[in-house]
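These protein sequences, in sequence, are chains A and B. The numbering of the first sequence is our numbering, which starts it at 1 and goes up by one. The numbering of the second sequence is our numbering, which starts it at 1 and goes up by one.
By construction, these hints were calculated from the structure, which means they are not laboratory data. Among the clues, some could well be false.
[Unchecked claim] Computed list of lysine-lysine pairs in BS3-like fashion (alpha-carbon distance at most 27 angstroms, straight line): (1) B:Lys343 / A:Lys41; (2) A:Lys41 / B:Lys231; (3) B:Lys387 / B:Lys413.
[As the list claims (entries may be wrong)] Computed Cβ-Cβ distance ranges for the label pairs, DEER-style: (4) B:Ser22 / A:Glu107: 18 to 26 angstroms; (5) B:Thr12 / A:Val98: 44 to 52 angstroms; (6) A:Asp83 / B:Lys232: 48 to 56 angstroms; (7) A:Val98 / B:Ser150: 16 to 24 angstroms.
Yeah, the Cβ is synthetic: ideal placement off N, Cα and C, and Gly gets one too.
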Amino acid sequence: MGKLLRVLNREQCIGCYSCMFACSRVWYQAITVEKAALRVKNYAGIEGAFSIRPCYGCSDPDCARACPTQALTPRPGGGVLFDETKCTHCEACTQACVPDALQWDHEKNVPIVCRQCGVCVKFCPNGVIGMQEIAPAAR
Amino acid sequence: MPTFRLLDIDLTTGTTRVSDVSDRFEKYLGGTGVATSLLLETPAGLDPLAPEAPVIFAIGPFSAVFPVVTKTVALFKSPLTGNLGESHAGGRLAMAMYGAGFHVIRLTGRAAFPCYVTVDEDRVEVHRAHSLWGSSALAAERILRDHEPSSFKRSIVRIGPAGERCSPIAAATVDSSRHFGRLGLGGVMGSKNLKALVVSGGRYWPVTEKGKYNAFYQKIYEAVVNSPAMKKYHDLGTAMNVMPLSRINGLPTRNFSQGFFEGAADISGETFAEKHLTQHLACGHCQTGCIHMATLRERFDPEEHQYKTFKISYDHELVYAFGSNLSIQNPEEVLRLLLQVEKEGWDAMSIGVTLAWAVDAFQAGHLTAKETDGLVLNFGDAATYDKMLHRIKAGHNGFYRDLEKGAVFCAKKYGGQECAIAFGGNEAPGYMTGLFAYLGYATGVRHSHLDSAGYSIDQKVLNEPKPDEELVQGLYKESVWRMALNSLVICLFARNIYTKEAVLEGLAALGLTGWDEARLNATARRIHAMKLRYKERCGFRFDDLALPGKLARVISGNGQVTSERFARQVAAYRDLAAKDAGELPAEYR
Chain A
1 MGKLLRVLNR
11 EQCIGCYSCM
21 FACSRVWYQA
31 ITVEKAALRV
41 KNYAGIEGAF
51 SIRPCYGCSD
61 PDCARACPTQ
71 ALTPRPGGGV
81 LFDETKCTHC
91 EACTQACVPD
101 ALQWDHEKNV
111 PIVCRQCGVC
121 VKFCPNGVIG
131 MQEIAPAAR
Chain B
1 MPTFRLLDID
11 LTTGTTRVSD
21 VSDRFEKYLG
31 GTGVATSLLL
41 ETPAGLDPLA
51 PEAPVIFAIG
61 PFSAVFPVVT
71 KTVALFKSPL
81 TGNLGESHAG
91 GRLAMAMYGA
101 GFHVIRLTGR
111 AAFPCYVTVD
121 EDRVEVHRAH
131 SLWGSSALAA
141 ERILRDHEPS
151 SFKRSIVRIG
161 PAGERCSPIA
171 AATVDSSRHF
181 GRLGLGGVMG
191 SKNLKALVVS
201 GGRYWPVTEK
211 GKYNAFYQKI
221 YEAVVNSPAM
231 KKYHDLGTAM
241 NVMPLSRING
251 LPTRNFSQGF
261 FEGAADISGE
271 TFAEKHLTQH
281 LACGHCQTGC
291 IHMATLRERF
301 DPEEHQYKTF
311 KISYDHELVY
321 AFGSNLSIQN
331 PEEVLRLLLQ
341 VEKEGWDAMS
351 IGVTLAWAVD
361 AFQAGHLTAK
371 ETDGLVLNFG
381 DAATYDKMLH
391 RIKAGHNGFY
401 RDLEKGAVFC
411 AKKYGGQECA
421 IAFGGNEAPG
431 YMTGLFAYLG
441 YATGVRHSHL
451 DSAGYSIDQK
461 VLNEPKPDEE
471 LVQGLYKESV
481 WRMALNSLVI
491 CLFARNIYTK
501 EAVLEGLAAL
511 GLTGWDEARL
521 NATARRIHAM
531 KLRYKERCGF
541 RFDDLALPGK
551 LARVISGNGQ
561 VTSERFARQV
571 AAYRDLAAKD
581 AGELPAEYR
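Full structure from sequences and hints, please.
Dropping the structure here:
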């Protein structure tokens, strides 16, 4: 049984984006939040609250179903695998992801797929996200 | 090696221009150093509210790249002091400018209509915004976030109605309750018909020195998250200063009448945390989360059970300005007043100190019921302060319109100059710890407690007295070193993490070569000299600095501070600065 990324304590998020910087840094050697495979969304005003949108590692992913060319395929253990050579850049995958967790790489024009590696968790200072054992039936 | 670009926006013509300013970053590091060099190239004698007067936003090579390097520096000519206008703000602006691909954004001119500007990488547009004019600083952000969607993280800098009226104590607000508070940037933006600036983009630097970069990043991250260095700031925040300062007679109370506040426990960091703290927020790429948000729930219908709830940020300076210094010890009253200040977009310290002057001036007979139109001004009377703020906002009469011009202006016009607690024209921050707090405010290039942290020297010498002559050298040294930190635009809360050694390691990790300690120090001295050159060109003289009369009578945390002792050390500071004047680049002499 593999571990999957989960939001454990949304209300503890301070909006530092450290998780997104970590993901971009480790996987793309890019100093940015924009390459990250998860999003911390913030809302206007000092009423500030955050919504965290990680890849949930679905067992029957909507994004893969939406992909017309099978560039995205279900990954054993949850989530998806991406074959860039098959991608037609249609963005159907990101539109199919209801929580808007699947991110789009505006530079390369391809989806940014989560590897469920947990590096984002290592750089969260407040225990907002974590890697958890999720039974296949619950994915 | 990274390149650095400047975006010029002319609001008069709506034209833009991009230039490579990497050579300036090589010379002056970035941030305040680069922005000062640009400001020095403006004609002498400009009216701060003239179209030609620039607003320069700048970040540095560490911005968005390493943790806690979250600030953006704004340089402009201050309509409050008439010389160097410099203010720093956090939020997401530094990250957004980096993402847009501009380390410097310079706005000049005046739009023919109320406008806001969007910068989304190279797409720069000036939008008509009549409908936005008059909106509060909070509403403007909500509206623009809806109206200007972006694929990238955005930052929104905007002014409230106070800025639209060109108040010289108006702030510019950034994202969730961060501010370019001091010295009147809001008024300068208002003079340009500029309600807001929205910045976004997805540009980035690749990690080129992977081993060095990751090792340095990890070291800083550990220091920020797991060492005691930042604990104070994310635990109680700077409001933890309230009680200890009062205990040492260093908390300004009733317009600096005394340093002990009998109600300190009621407005302390501990009390705010227990009663009102609802959430911590962070600036983009800072794991500390020092922004303390308070919630206040109030019943608004006496007949029915109807409630409203608002959130507002607080810290030491706000608690001082609307708590002890106005003698308000009810935290709910402090929060209610701060909400008004936040919406209208004033600098909280400046408007608070100006209200405190008004009470003193009223009680001394310089102001009468004729000016206040019937209001009786007393310390501790939050309901009257609330009315005063409403009257300033409404432009009730000449007196209330004058109040948003600051304490020095008002005292000159109405009297009570000794009670206008300002240094170099800027209303004082929340420490009356002694001579070095005052000297820091006076001699600092932006007349801020953050220029040289004199309040910290005062507190150290309580246990270990040293001669003034020795301490003033420490004050000068600190103010110079902060030029380097402010050019990298590191949040000063992390000043003990970003030591000289760490700064050099960080520069190397980005492939910025050729920096050593000597060069770093010389660059800091040069930038300090450039700022003083700009100030002098605008008419600033160290010899004109005076201790507000009232402060020479009251007892500070370190006893009485006489005007003579103050003047002696100002002169000593002036002489130290004069020795470094040789660092000034030839083109600015």
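**Asked** Looking back at the numbered hints, which does the structure fail to meet, lowest number first?
**Response** none
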